[in-house]
Structure formats: C-alpha cells, structure tokens
Amino acid sequence: MSNRPSRQAAESRRAFLKTGALTALAGGVLAACDKESTAQRVSKKPATDSDQSGGSMAAHPVTPVATNAAEDMDRMHEAGIKAFPAKTTGKGNQLLEPKIVGGVKVYELTARTLKWETSPGVSVEAWAYNDQVPGPQIRVREGDRVRVILKNELPESTAVHFHGLELPNEMDGVPFITQPPIKPGESFTYEFTVPNAGSHMYHSHHNAAKQVGLGLLGAFIVSPRSPREIERVDVDYVMVLNDGMHGYTLNGKGFPATEPLVAKLGQKVRIRFMNEGLMIHPMHLHGMHMTVIDKDGWPQPAPWKCDTLNIAPGERWDVIVDCTMPGTWAFHCHILPHAESPHGMIGMVTALVVQK
Amino acid sequence: MSNRPSRQAAESRRAFLKTGALTALAGGVLAACDKESTAQRVSKKPATDSDQSGGSMAAHPVTPVATNAAEDMDRMHEAGIKAFPAKTTGKGNQLLEPKIVGGVKVYELTARTLKWETSPGVSVEAWAYNDQVPGPQIRVREGDRVRVILKNELPESTAVHFHGLELPNEMDGVPFITQPPIKPGESFTYEFTVPNAGSHMYHSHHNAAKQVGLGLLGAFIVSPRSPREIERVDVDYVMVLNDGMHGYTLNGKGFPATEPLVAKLGQKVRIRFMNEGLMIHPMHLHGMHMTVIDKDGWPQPAPWKCDTLNIAPGERWDVIVDCTMPGTWAFHCHILPHAESPHGMIGMVTALVVQK
Amino acid sequence: MSNRPSRQAAESRRAFLKTGALTALAGGVLAACDKESTAQRVSKKPATDSDQSGGSMAAHPVTPVATNAAEDMDRMHEAGIKAFPAKTTGKGNQLLEPKIVGGVKVYELTARTLKWETSPGVSVEAWAYNDQVPGPQIRVREGDRVRVILKNELPESTAVHFHGLELPNEMDGVPFITQPPIKPGESFTYEFTVPNAGSHMYHSHHNAAKQVGLGLLGAFIVSPRSPREIERVDVDYVMVLNDGMHGYTLNGKGFPATEPLVAKLGQKVRIRFMNEGLMIHPMHLHGMHMTVIDKDGWPQPAPWKCDTLNIAPGERWDVIVDCTMPGTWAFHCHILPHAESPHGMIGMVTALVVQK
Numbered sequence: 007m008s009n010r011p012s013r014q015a016a017e018s019r020r021a022f023l024k025t026g027a028l029t030a031l032a033g034g035v036l037a038a039c040d041k042e043s044t045a046q047r048v049s050k051k052p053a054t055d056s057d058q059s060g061g062s063m064a065a066h067p068v069t070p071v072a073t074n075a076a077e078d079m080d081r082m083h084e085a086g087i088k089a090f091p092a093k094t095t096g097k098g099n100q101l102l103e104p105k106i107v108g109g110v111k112v113y114e115l116t117a118r119t120l121k122w123e124t125s126p127g128v129s130v131e132a133w134a135y136n137d138q139v140p141g142p143q144i145r146v147r148e149g150d151r152v153r154v155i156l157k158n159e160l161p162e163s164t165a166v167h168f169h170g171l172e173l174p175n176e177m178d179g180v181p182f183i184t185q186p187p188i189k190p191g192e193s194f195t196y197e198f199t200v201p202n203a204g205s206h207m208y209h210s211h212h213n214a215a216k217q218v219g220l221g222l223l224g225a226f227i228v229s230p231r232s233p234r235e236i237e238r239v240d241v242d243y244v245m246v247l248n249d250g251m252h253g254y255t256l257n258g259k260g261f262p263a264t265e266p267l268v269a270k271l272g273q274k275v276r277i278r279f280m281n282e283g284l285m286i287h288p289m290h291l292h293g294m295h296m297t298v299i300d301k302d303g304w305p306q307p308a309p310w311k312c313d314t315l316n317i318a319p320g321e322r323w324d325v326i327v328d329c330t331m332p333g334t335w336a337f338h339c340h341i342l343p344h345a346e347s348p349h350g351m352i353g354m355v356t357a358l359v360v361q362k
Numbered sequence: 007m008s009n010r011p012s013r014q015a016a017e018s019r020r021a022f023l024k025t026g027a028l029t030a031l032a033g034g035v036l037a038a039c040d041k042e043s044t045a046q047r048v049s050k051k052p053a054t055d056s057d058q059s060g061g062s063m064a065a066h067p068v069t070p071v072a073t074n075a076a077e078d079m080d081r082m083h084e085a086g087i088k089a090f091p092a093k094t095t096g097k098g099n100q101l102l103e104p105k106i107v108g109g110v111k112v113y114e115l116t117a118r119t120l121k122w123e124t125s126p127g128v129s130v131e132a133w134a135y136n137d138q139v140p141g142p143q144i145r146v147r148e149g150d151r152v153r154v155i156l157k158n159e160l161p162e163s164t165a166v167h168f169h170g171l172e173l174p175n176e177m178d179g180v181p182f183i184t185q186p187p188i189k190p191g192e193s194f195t196y197e198f199t200v201p202n203a204g205s206h207m208y209h210s211h212h213n214a215a216k217q218v219g220l221g222l223l224g225a226f227i228v229s230p231r232s233p234r235e236i237e238r239v240d241v242d243y244v245m246v247l248n249d250g251m252h253g254y255t256l257n258g259k260g261f262p263a264t265e266p267l268v269a270k271l272g273q274k275v276r277i278r279f280m281n282e283g284l285m286i287h288p289m290h291l292h293g294m295h296m297t298v299i300d301k302d303g304w305p306q307p308a309p310w311k312c313d314t315l316n317i318a319p320g321e322r323w324d325v326i327v328d329c330t331m332p333g334t335w336a337f338h339c340h341i342l343p344h345a346e347s348p349h350g351m352i353g354m355v356t357a358l359v360v361q362k
Numbered sequence: 007m008s009n010r011p012s013r014q015a016a017e018s019r020r021a022f023l024k025t026g027a028l029t030a031l032a033g034g035v036l037a038a039c040d041k042e043s044t045a046q047r048v049s050k051k052p053a054t055d056s057d058q059s060g061g062s063m064a065a066h067p068v069t070p071v072a073t074n075a076a077e078d079m080d081r082m083h084e085a086g087i088k089a090f091p092a093k094t095t096g097k098g099n100q101l102l103e104p105k106i107v108g109g110v111k112v113y114e115l116t117a118r119t120l121k122w123e124t125s126p127g128v129s130v131e132a133w134a135y136n137d138q139v140p141g142p143q144i145r146v147r148e149g150d151r152v153r154v155i156l157k158n159e160l161p162e163s164t165a166v167h168f169h170g171l172e173l174p175n176e177m178d179g180v181p182f183i184t185q186p187p188i189k190p191g192e193s194f195t196y197e198f199t200v201p202n203a204g205s206h207m208y209h210s211h212h213n214a215a216k217q218v219g220l221g222l223l224g225a226f227i228v229s230p231r232s233p234r235e236i237e238r239v240d241v242d243y244v245m246v247l248n249d250g251m252h253g254y255t256l257n258g259k260g261f262p263a264t265e266p267l268v269a270k271l272g273q274k275v276r277i278r279f280m281n282e283g284l285m286i287h288p289m290h291l292h293g294m295h296m297t298v299i300d301k302d303g304w305p306q307p308a309p310w311k312c313d314t315l316n317i318a319p320g321e322r323w324d325v326i327v328d329c330t331m332p333g334t335w336a337f338h339c340h341i342l343p344h345a346e347s348p349h350g351m352i353g354m355v356t357a358l359v360v361q362k
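If you're matching them up, the sequences are chains A, B and C in order. The first sequence lines up with residues 7 to 362 when you count with our numbering. The second sequence lines up with residues 7 to 362 when you count with our numbering. The third sequence lines up with residues 7 to 362 when you count with our numbering.
Treat the hints loosely; a few may be bogus.
Since the list can't tell identical chains apart, any single copy or any two copies may satisfy a pair.
Said to hold, decoys possible - DSBU-like cross-link-like pairs, simulated, lysine-lysine; straight-line CA separation at most 30 Å:
no.	residue 1	residue 2
1	K111	K93
2	K362	K97
3	K362	K270
4	K88	K216
5	K111	K311
6	K93	K216
7	K274	K311
8	K274	K216
9	K93	K311
10	K270	K311
What the hints contain is simulated information worked out from the structure, not anything from laboratory work. This one's a predicted model, so the numbers in the text were calculated from it and none came from an experiment.
With the hints as constraints, model all of the structure from the sequences given.
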C-alpha cells in the first residue's frame, strides 16, 4: 500500500457515486425500511381511553386531525430521505492537481463571487476559490515545495492564511502584519516548503468574518513522510463543517444535498473534520465508534474512542472508523436544530454507507 | 463487592433522600451559614467617602436605596437556597426494572404528552416516556438480551435511537432509513443483544429537535462484564443536562427543585454526565476535582483530572469524585446565566453533599 | 533557575514593554508589510471580462466604486494594526504583592464600581477588585498560608469563590451555603493553606452572572512545590478570556488595546488561558503549535499539541509555546466575529512577538 492510501479508495468511491450509488442507496434505504427482522411493528387502531394509563393522556387524545398532521410530517421526512443524495449545481472540496514547475507544486487559486446552490433550489451568494465551496482540496507531502498563486477577483482586498502550517512569518497571510492586502485585481504568490503534516486549512484572513463566512476556505492536507500504521486506511474523507451565511452545511451543502461516505464492510475510513464556522458542532456517528487520532494535525498521545466528537471553530480532528457494521448509518451534528426541522432532516446530516 | 457496585449505594442514597436528607440538608446549609470559623465577618457602617480611595467610587456611593435593594436580593437568594431541594410533582430518571421473559429483559415504554413541573409552580408541556423527564433509567449488562417495546401515544410519529449502542442497522431507530416511523397509536419492538458497555442514551430520532426538546430522552446504562477497579464506586449517579424548551435543567428539574448528590466522607461517586440539550454545559464542581474516566462509554487512554468539564450535546462523560472534603458543595454549569439570576440560583445548579 | 521561573522573565517583559516595545513592534509590523521576499506581489489593472473564466464573475465586475470601498476598508484595517498595542486608561491582571504578617501572605481586595476603558475611547461600567479588570493577579505557592480580605464597596452583597482551589467548605465563597453574603460596607476575611497547584481563578459567587460579567474576577496562580521540567519557562503569561458586558476582551481589553506577548527566539512561553465569559473561545496561535500541559491546574496524562484550543467558561488550560519562529504572530479567538469586523480586527486578538 502506498503512502497515499486514500487515492485509490477515493477514486473508487467517486466512480461508485457516479455510476451506481444513487440507485444502490435508494434501494438500500427502502429495503431497510421494509425490513422488520427481529423488530416487530404492531398496527393498532388509534388509541382509545381504555389504552391509556395516565390522566394526562386523556387531555391529548390521538385525533384524526393529529393523525393527518403526523402523516403529512412523515411524508415530508420520507421525501427528504428519498432525495438523498440530492443533485445540486456545483461541488466543492474537489482535489486540485498541481502543475509541477521545476520541482515545485504550483496551485492557482482565483477568488471571486458566484451563486452557490446549497440544497436543491436554495442558492446563496458565495465568495469562493475556483468557484468551489469549500475551495479545492490541496493535498501535498511533508517537505514538498509548494507555490500558491492567488488571483483576487473579489470587490474587496483579501489574503490567504494557511491555518495550521508552521510557515515563515511572511507567508502567514495577515494583511498589515505579514503582507500587504491583495487588492481587487491583484495577484499574490505564496511559496514555501511544507513543514508539518496533518489536516490543515487555508482561508481568507482579511475581513474574515465575512469572507470566510461567504466561502473563502478550503482543506490543505499534508501527508507525513512516514505514515503511522493507524493512518493506512481505505477511504480518506475531508468533512468541512460550516454554519452561518450559507446555513448549516457539510462540504458546502445541506441535507439532502450532502455527500454520503461509502465504504465496504471491513474497510477503514479516515474522516478529517474541520470547522470553518462560528459554532461548535458535535458530530455523532450512528452504529460505530470513531477512534480519534489527531488534533489540528498533531497525533494525540494515544488514540481514544467516542461516538460524538465536539468540533470547535478552527479545530481539526482526525478519526478512524472501522466499518464493522453493514448498513446506512446517520451521521450528523447533535445540536438537533442543525440537523432536523419539522419538515425533515436538514443541514448537517449525511450517512456512512457500509456495503456488504 | 458485586459487579454492579452502584446498586446498594444507590438504594441507600434513595432511602436517605426519602427519610432524612431534606431535614439534614436544610440543617447543614443553615449550620454552614452560621459558621465563621477561620473566616471573620466584620460589620461596619456603610462606607463613607473617607473610606474610599478612588474617585470613581464617589459617583457610586452605597446609598440606603442600594442597601435596601441589596437586602431584597439577598432575601431572594437565601429563599432559593433554603428551598433546596424543593418538592415538585414528578420525578424523572427512575430505575426501570425489566420483566424477564424467557431470559430476555423486557422494557415497556409509552410515549405520551403530559404537564411537567420543572421547579415549584413552573409547569411545561412535555412529551415523555412513562410520564418521566428524563425517561426511566435503563440499566443492563454487556451481553444481555434486551427487548424495548415502545407504544406511541403521541400526536406525531416517533422512533427510538439508542445513542451510543452499536446495534444492527435495523435497530438504529431512524425513520425511513432503518425502520418505518412508529405512527400514533402504534407500537414497535426493538430487540438486541447489548454490544458495548458505557453510559448511553435513548431518545427520539423523528422530528427530534422538537421531540427530544420536549422530553423524549433517557439514560441507557450498560455495565461491563469485567468492571475496572476505578469503576468500583459507592454512588453511581446519572446527570442528564438539558436546556431549551424546559429551561435549564438537571434530570428534568431546575434549581431549587434539582436533586442533591449525597455521599459519605471517603466514598467514591461516579457521575455520568449526558447532554440532551442544544448548548454546551461546562459543569463545575466546587471543593474537589473530578477524575474523567470515560467518553461516550469508552475508557479514556488514561484518567485525567479537572474541576470544570465541558459537555457538548450528545456527549457523555463519566467522572469519579473522591469525597475527601466534607460539606455542601455547589455543583453547576459555569455559563453563569444557566445557573443564576438576580433573583438567586436557578436552572443547572445542584450540590454534592459530603457527610461526615 | 528558581522554582518561580516566570518572575525574571515577566519583569524583563514588563520592562521591555514599558521602554522599547511599542516602537520596536510598530517597526516590526511595518517592516513585515514591506517585505516581499519569496512572496511576489503582482499589481494589475482591475480585472476585465477577458480575465474571467466563470459566468458568475461577469455579474460582479470590479468597479471603481468597489475598489474605493476596498481601499477604505483596508485603511481602517491598517489603522487598527498600526494602533496596536493602543494605550488605554487602566491595566488589569497586575501582580499583587502580599503583605507578610506572621508568615501569612495577606492580600487586600476592595470591590467597587468604576469606569473601565476597554479600547481607545470605549468606556464601560465595571465592578472590579482594586480598580482592575481582571482583578490583580495573585501568585502563591502550594502550602503557603494565605489571607484574603475583601472589602465590599459595591451597592450589592458579594462573596469570593476561589475557583479550582480545594478549600475547606467554609472558605468556598457561596452565600447562604458556606458563608453569609458580604453586605455593602462590610468586609470578610478568607484564610487558608493553599492546597493544590495550578492556574486557578477568584471571582464573585453572588449574583454572579452580573457581578462576574461586570469584572469581579481575577487569576489565582499556585506554583507547585516541585515544578516539572516542562514548567521551566522564560515567560509565564495569564490570558483571561471574556465576552458579554465588556465586549470581547483579553485581560480586560479589546484589540487594538490588548497586550502583545513578547519573547525572544528560542524562549519558552507558558500561557494560562482562563475563560471568565459565557461562550467558548477557541484560541488560535499562528505560526507555532501549543503544547497542552494542564487542565484546570491538573497535569494532563501526557502533553499534546494543537494550534487551536477550545476554552469553555470556567475552564483553565495551560500550554507551552516553543518560540522557534521569529516574527509577529496573530493570536486570536477563531470565532471570527469575536476577532474581526468590516472595520478591522477587534476584541479577542493579540500577537505573540518572537524577537530575533
């Protein structure tokens, strides 16, 4: 296995999603809903007084009106689930291949405004790198020489901070402290040797509450020279959490337009959580635990397990999931209004699909 | 000592609270307030200008009006403390004994609406399991065969997710993904062999921002087959944190109606924090540190100490307190408006009472 | 090196800041902005349609109006940076030297109201100890005998809780539970032997959402009898985070009136984060990682690294920074509206200045 274990798996996942996944998933979901196996569903007439053992229930009978409202709600919930993963225009966080110029990996980023569809029919104003929210995913290796050329086609000045990379001060991307602002119509070139491995980010550091809020952010992943055994995974997935101006999103999309994670039974999935928003998001995976290995790109002293991982703004946490349980597993922020409304699931919800 | 170390201690605690605790506590509180031991209280006349060393004070003299307002405030604070633990109708989080049917532990839950008294005179609309907020506490062992029968007497469909248990997909409780919704008037039976130990939860996973917010939640505690030495405690206490529709509550009640934890000097108390709300709650224990042992039911690589533990929605954290310091110790969320108002302590406040 | 490694370094830092730092810093900032080293700035005319590769850009041309607005914004951002560190009246968190009375370290605190300047021209109502926000920094050693005499010159009763210290119950500072409230015009004496080392706090525990919110808080640092090797640092810095009534502040001031941390290349800096506010603050240091050593004054089982540390209300986290990278490094809360507005950086922003 190579030291970029995720590449083949990621490609296979992308191919899968393009060709057969939607059908397979839809079938899987429906199949699951029809299964009753050890679970038994017992239909009864609406409850009558004699079924009820508490006085308070008498004041809240199950009326036909309530039942109809309940049916309406269920239909909306079902429609959301069946629409998942819903098609929208634009896909963020796509791997950006560098040009190699004299041994240097060169990445060109253009910052400009666009309309971004976060879920079917919902378009928002976005400021983005290369027309993607999140911006294109950059993956390099420790020790690589990297050049990032930013063209600013925004109506405001900007600058890029490589959040988590331990760069020389003049590459730090903070206007008036480490560089002049990059004015509208200007370009700026960052160049450095990649110093430290891990899950990092790049984003605007000028008028950033607005500029990052509108989408000027992306993942900057650095593979280590010597990967640890625990890093040898089948699927390597970046999940950028966000809130605020674009609503609650995972990789720039809200449910049902979020992207499912797909793996085969027995595979290992690495998830690189990154919070580019303004709120915490405790991400909860159903069915299997997550083993936390890295914080901000640095190994934890020892891996530890959880099923709900609290991720604060600016933090990155890397976890490994051993896909031991087949099925479609809900995976969502556990601040419930970030994940569900009376009309069904929304926002920060996706699924880990473990295929037999 | 058995492998369910908490049972005897819990029963003794319950008996204590029923018989003599209220009186003892009230006495303890008053006694403490009258003590001045090494502390000295020096009454003086209201400060005059000559006492003051800064100009800004002259603009804020201690007037008789301010003093009267201060006295009024103190009286309200004192009344709250003296009322603790205040009686209210209804008690949540009570241990539910299973029926044993052919070796299977069978739990029957009925979801319905009721009025719930969160603090004296304050009643809210609740949706609850078995008329309790939190729902009844379920305690089983790793490897047990368990059946949970849910009767839905609510005006909406519902479903139960066993948060933290690594169950087969069809037992995961997510409508339209793993099961059909349980419609008003219907029942659904979950059955499984308990896979993993730890402090887990059960709650609605349908229209959950509302249904969990209104009270459809409870603790699901799984004892390990082989408890660790550090788990051998005298008191095993579940503390469910909540906010939102019912206000700031611990186990469904707001101060002064919260339940004190009671232990004897030298005893060990395990506290299983669970956050079923929408906000973080950094719980602060006065006087003694907490040793954190588990996250989401999984042992931390090594225990670690703190006095303020931040608990995010969906998380569970288990801690051990060595009761080395006698007295009544405040124990509260350190987001201060969750714990105090100008009228006195409120919401997420209780006490750990360490008796000599 | 003594067991109070920070003293000389702190004095040197203070002297530095008084004498030459402002000039040096201003020069450093300007120098950095003029440097272009490996980075290249390419000025172009405003972008024209032919430069643009996406349709959405055509709808958002870089007009002269936008450019002027961008220039105005840049000027405001630059002015903020150049003003840093801005002078304001009043400085909190200053070391309070005790009187020694019969071997006891005696600290006198007077609580009263004042006007507090949080940033140039912005004054707020404050309730403070010894006219400082945060209150004076108290530094003692494990095992010291300490007496704290509080004079209450406020219009309300109050009391002091020593947050994190494991004191006898009657020294715990909770009115009506462990002591009577200290009424306006009264004094109260706390006396105890310091039981446990670490970064602790003292603050009001009466009507605390208001009283702490207005400034009745301070750092209480306890040096251990036997410092660990990792604690031998050159600079020992307390950073009290706050939000709410005084806005977003670090040690009682908002950017550009915050205080820079200054160290020499190769030195080690200990930062003791303390959150006295109502919100989380994930503090992000640019350029270098932080090694987390203590939580609430207790050593973590093993040190661990990060660049963004989430600090919840009531928590203290101690970190070590190895100053390996020269330059002026932004250091701020990563909830971006706590650190920046369209008018420039604000609130919870400072810099770590590493001098060659």
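Problem set entry | Status of K311 relative to K93 across identical chains (alpha carbons, at most 30 Å) | Answer is neither: 34 Å inside a copy and 40 Å across each miss the 30 Å cutoff.
Exercise. From the Cα coordinates, with 30 Å as the cut-off, is the pair K362 and K97 best called within, between, both, or neither?
Worked result: Intra 28 Å, inter 45 Å, cutoff 30 Å: intra-copy only.
Problem set entry | 30 Å Cα threshold - placement of K216 relative to K274 | For K274 and K216, the Cα distance exceeds 30 Å both inside one copy (37 Å) and across copies (35 Å).
Problem set entry | Intra- versus inter-subunit Cα pairing at 30 Å for K88 with K216 | So K88 and K216 pass the 30 Å test across copies only (22 Å; inside, 34 Å).
For this session: Have a look at K111 and K311 and pick one of within, between, both or neither, based on CA distance no larger than 30 Å.
Result: Between copies only: 28 Å across chains, 36 Å inside a chain, cut-off 30 Å.
For this session: Since the copies are identical, ignore which copy is meant and state whether K274 and K311 lie within 30 Å (CA to CA) inside a copy, between copies, both or neither.
Result: both (15 Å within a copy, 25 Å between copies)
Exercise. Between K111 and K93, at a C-alpha cutoff of 30 Å, which is it: within one copy, between copies, both, or neither?
Worked result: For K111 and K93, the Cα distance exceeds 30 Å both inside one copy (33 Å) and across copies (45 Å).
Problem set entry | Copy assignment of K362 with K270, given that the CA separation must stay at most 30 Å | For K362 and K270, only the intra-copy Cα distance (6 Å) is at most 30 Å; the inter-copy one is 53 Å.
Exercise. Within a copy, between copies, both or neither: where do K93 and K216 come within 30 Å Cα-Cα?
Worked result: Both: 27 Å inside a copy, 28 Å across copies.
Problem set entry | Intra- versus inter-copy proximity for K311 and K270 (alpha-carbon distance at most 30 Å) | within (21 Å within a copy, 33 Å between copies)
Consistency with the previously given hints fails for numbers 1, 8 and 9, ordered from lowest to highest.
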